[in-house]
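Undergrad: Take the given structure of chain A and dock chains B and C to it, following the hints.
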Amino acid sequence: MTASFDPTAPRRGAVHRVTLLVVAALIVLPWVEADKFALHILSLIAIASIAAMGLQVLLGYSGQLSIGQAAFYGIGAYTSALLTAKLGVPFPLALIGAGVAAAIASLLMVPITRLTGAYLAVATLGFSIIVYLFIQNEEWLTGGSYGFIGIPRAELFGYVLRDPMLSYYLNVGVAAIVYFTFARIEGSRFGRAINAIRQDADAARASGVRVTLLKSECFVIAAFVAGLAGSLYAHEVRYLAPNDFTFWKSIEILIMAVIGGVGSLAGAILGAAVVVGLPEYLRAIGDYRMLVFGAILIATMLFGEGGLAALCATLVRRVGEVSRRLALKLPPRNETAP
Amino acid sequence: MNTSAHDDAWLLEARSVTRRFGGLLAVDAVDLAVRRGSVHGLIGPNGAGKTTLLNLVAGVHRVSSGVLRFGARDITQHSSARRARAGIRRTFQNLKLFGEMTALENVAIGLHAQMRAGFFDAVLATPRHRREERSIEDRSMTVLHFVGLAGVAHVRSGALAYGHRRLLEIARAMVARPTLLLLDEPAAGLNVTEAAHVSELIARIRDAGTTVILVEHHMDVVMRVSDEITVLNYGRRLAHGTPAQIQEDPGVIEAYLGRSGENEGAQA
Amino acid sequence: MGALSVSEFVDLMVGGLAIGCVYSLIALGFAMIMRATNIIHFAQGEVMMLGCMCGLTSVWLLPVLPLLLVVAVGMASSGIIALAMELAVYRTLRRRRVPIMNLITATVGMSILCINAARIIWGSEPLRFPELFATTAYEFGGVRISPQLFWIMVMGVAIMGALQLFLKHTRTGLAMQAVAQDPEAAQLMGANLTRMMAYTFAISGMMAGAAGIMLGSMFFAFFEMGFITGLKGFVAATLGGLGSITGAMLGGILFGLIETFSAVFLSSAYKDGIGMILLIAILLVFPSGLVGLWQKRR
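Residue numbers (my numbering), protein chains in the order written: chain A, 1 to 338; chain B, 1 to 268; chain C, 1 to 298.
Everything labelled a hint here was simulated from the structure, so no lab data went into it.
There's no promise every hint is true.
Derived lysine to aspartate or glutamate pairs resembling EDC-like cross-links, with alpha carbons at most 16 Å apart [unchecked claim]:
no., chain 1, residue 1, chain 2, residue 2
1, B, Lys96, A, Asp200
2, C, Lys271, A, Glu217
3, A, Lys86, A, Glu139
4, B, Lys96, A, Glu138
5, A, Lys36, A, Glu280
6, A, Lys36, A, Glu138
This is chain A alone, in the form it adopts within the complex:
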C-alpha cells in the first residue's frame, strides 16, 4: 500500500507510467496475437483475476482469510446463467444481477465477520460447502451434476460477442474497471480504516472505527466482484458444473492472491496469470498442478513476503536504476553511496 498524503510524488508517477504501459499493451495485444485459444486463456486469466482482486480486499487489505470465495463465484455464475438462458434477461443486466445476488448472499456472512483468524476462515469454508451442496443437489435449478448447458454468449447493446477478441475486451475491460476501482481505496478513509483493522483491530476500535461493519463491507465487496467474475465465466465457457465451484476453486483464488503478493492488486493479476495460464503452457505439469501450487504457497510463506508483485517491482526498479545510470554514465552501484 502506498501511504496517504504522500509527498513522494515521483514514485507515484513511475507506477502510473508502468500501469499505462500495461494497459496500452493489453489493448494492442489482440491485434498482435490473434490466436483464438490464447485470447480465450487471457480471458480466463482476466476473469480469475477479478475474483482474486476481490479476495485481496478481504485478505490483503482487511486481513480476513476467506477460503469460501468459490461460493460467490458460483452464485454469480448460476444466477447469470439462469437470468440469460431461462429468463431472457439481457447480458449487462445479468452481469450486474450476478454481482448483486452474490452480494446479497454475502449478507448471510455478516454475523461471521465478528470472528477472526482461523475461526473466520473455517466459517467461510463451511459456508461455501453449504452453497456447493445446494448447487449440487438442487437439480431443478442448477442442473446439478448434469451441469448447466446452453448458456448464451455475452452480448452488449444487442451485439453478440462471438469473436474471442471481443469477449477478451469485455473480460479484460471489466478486470481493468475492478482494478482501478480498488486502486482508489488506498489513500482514502475507507482504505486506511480497513488496513488499520488488519494491523490491530482493538486499536482501531479504540479510535472509534466500526470494525465489524467495515469487515462486513469488505465481504460484500469481495462477494460482488466474485459474482461478476462468475457471470463472465459462465458466458465465456457456456457450461457450468458443480465441480467448478468446490473448495478447490476457493483455494485457487487464495493461491492467486497469495503468490501474487498479499495486499497487492497487481499481484492478484499476476497470481491469476500464473495459476490459470501456467498449466496451459506447461502441459507437463498437468496432473502435478495443484501439488506445485501447494508447494509454491508454502514457499511463499517461508521466503517471499511480497510474492510475485514484490519480485516484479524489484526487477523493474533494478532495470530502471541500471538504465538511469547508463544514461547518466554514472559508475556502477557499489562505488557510490545509496
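TA: This is chains B and C only, laid out in the frame that chain A set:
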C-alpha cells in the same frame, strides 16, 4: 437525571465499580470522580488494578457491577467504539500503533469517526472525499506539531524511535479533540528528559480543554502534572486527594510510595 | 417417519459412537495443536489420510499383518509425517514470528500438498481395506453389534484413555500440558519448548493415524478423505471447546451421534451440511463450546 451545577463539575464518575475475572477480583467497589478540565492521576503498586480500571472506563471490559457516568450519560453498557465516538479516547500501555502506516496515517485513524466518506466516495473521488482528506491531513499535521512529531510525519510508525512512538500514540488519541483522554503509562520506558517532555505535553493537553486520567509509574510525572490523584491497592481505593495530600498520606506511603522511594530514589 | 425399532436404534447408536470415536481422535489433534500454537492445523485431516494410506499399503505388502499392527503402522507413519511438517515448515515460520495469517496459509498449502501427493501416489480411486475384523455379529443380550464397530469403539476409547494417562501421569505429558498453559513459566521450570512442540505434533499425528485406519476400514481409503472428515473433526473440537482435550473427546462422540441420527431424519444429500451449519452456529453462539458452557455454570 440531575443536571445541577455540582454534577456538571464531574466529567467522569465511577460508582462502586467492580470487575471480576473468574475468581480474581481485579477492581473492588471503586469510586472515582474526575473533575472536568483536570488531570487525574491513578497510581498504585503493580497489580493494584489501575489498568483494569482504565479499561473499564474505556469499555474494553464490562463492569461486573457498578455504574459509569460520562457527563450526564450512563455509559455502563456502551461499547468501547461507542465511547470513543462519544469523546473518550485512550492510549495503550503496550503501544498499539499501526506499524505499517506512517505517523500521519496513524493519526488520521483517530479522525475516522468524525468523517463520513466511505467506499463509494473513495472510488468516485467525490467532493466529500476530497474535502475530508484535506481536513484530515490538516488536523493530523496540527496534532503532530502539537506533540512535536511534525518532522517524522511520513515515516513508517514501525521505524520510529520508542520515545516518538509513545508521542504518536498520544497524538492519535488527541486528534479528535476528545473530552476525556485516558493515558495508560505514557512515560513507560522513557528517560528523564523524555518523561519531562510528556509531563509538559499532558499539561498542555489539559490547558487545551481535555480532561485526562493518567495511569503512571513515573512518580515525578504524576506528581508534577496531576491536579488530583486516586491511589489503588489490591483493587480497592486506598486514598484520594491532591499530590501534596497523597505524598503525606501514611497509608499510601506504606503501601506504595515508601517502597518506590527506596527503589527509585526521590525524583520529584 | 415413526419411532425406531430397538435394533435400528442400537445400530444408529453404535454407528454414531464408532464414527464419534474417529472424530474424537481427530478433534484431539486439533485441540492439542491449538493449545500449543494457537493455529488451526488445516492439514490435520491429511495427516489422518496419509496414516490410513500407509496402513493400507502395509497390509498390501504383508497381508498377514494383524489388526493391531496395522493400526500401529498407521499411527507411526502419521506421527512421523506430522512431525516432519512441524520440523520442516511450521517451526521455521514460528521462529520468524510471521503474522499468524501466514502460518495458517502455510497449513493450507501443506494440506494441498498432501492431498495431491496422495492422489499421485495412490491414485484417485477409492481403495478398499481388506477384512480386518471378524464378520459374524457379536450378540449382547439379544442385541447384535458389528465386530468392526465394536472394536473401533474399544480401540478408540483405549487410545484416548492411554493419552489421558500419558498427559496426566508422565513427566513428558505434564510438561506438554504446562507448556500449553504457560510457555514462559514452563520454560523457566526447565521444559524444552521446541521438543514439547515436536511431541505435540507427533502425538496428535498418531491420534489422527489411528482415526484414519478406523475410518478407512469402516468405509474406504481415498486421497480426499481427510478433507471433509478433517473439517468435521474440527467441528467436533469446536463443539467441545477448542483447546480442551476432554472437550474434544466429548465433542467428537456427540457430533458423531448428532450426525448419524440426523441423517435419518434429514435428506442424506445434505448430511455434510449438518456439520457445517453446526460449526457456524457454534462459532457464533457459544464459541467456547461445551466446556465453556460448563465452566460458566460455576
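Undergrad: Could you run down the list of hints and mark each one as holding or not?
TA: Verification of the hints:
1. B:Lys96 / A:Asp200: holds, 7 Å
2. C:Lys271 / A:Glu217: Cα-Cα ~31 Å, so violated.
3. A:Lys86 / A:Glu139: holds, 14 Å
4. B:Lys96 / A:Glu138: Violated - the C-alpha atoms of glutamate 138 of chain A and lysine 96 of chain B are around 49 Å apart, more than 16 Å.
5. A:Lys36 / A:Glu280: Holds. Lysine 36 of chain A to glutamate 280 of chain A sits at ~14 Å (cutoff 16 Å).
6. A:Lys36 / A:Glu138: With Cα atoms ~35 Å apart, lysine 36 of chain A and glutamate 138 of chain A exceed 16 Å; violated.
Hints 2, 4, 6 from the list above are not met by this structure, while the remaining hints are.
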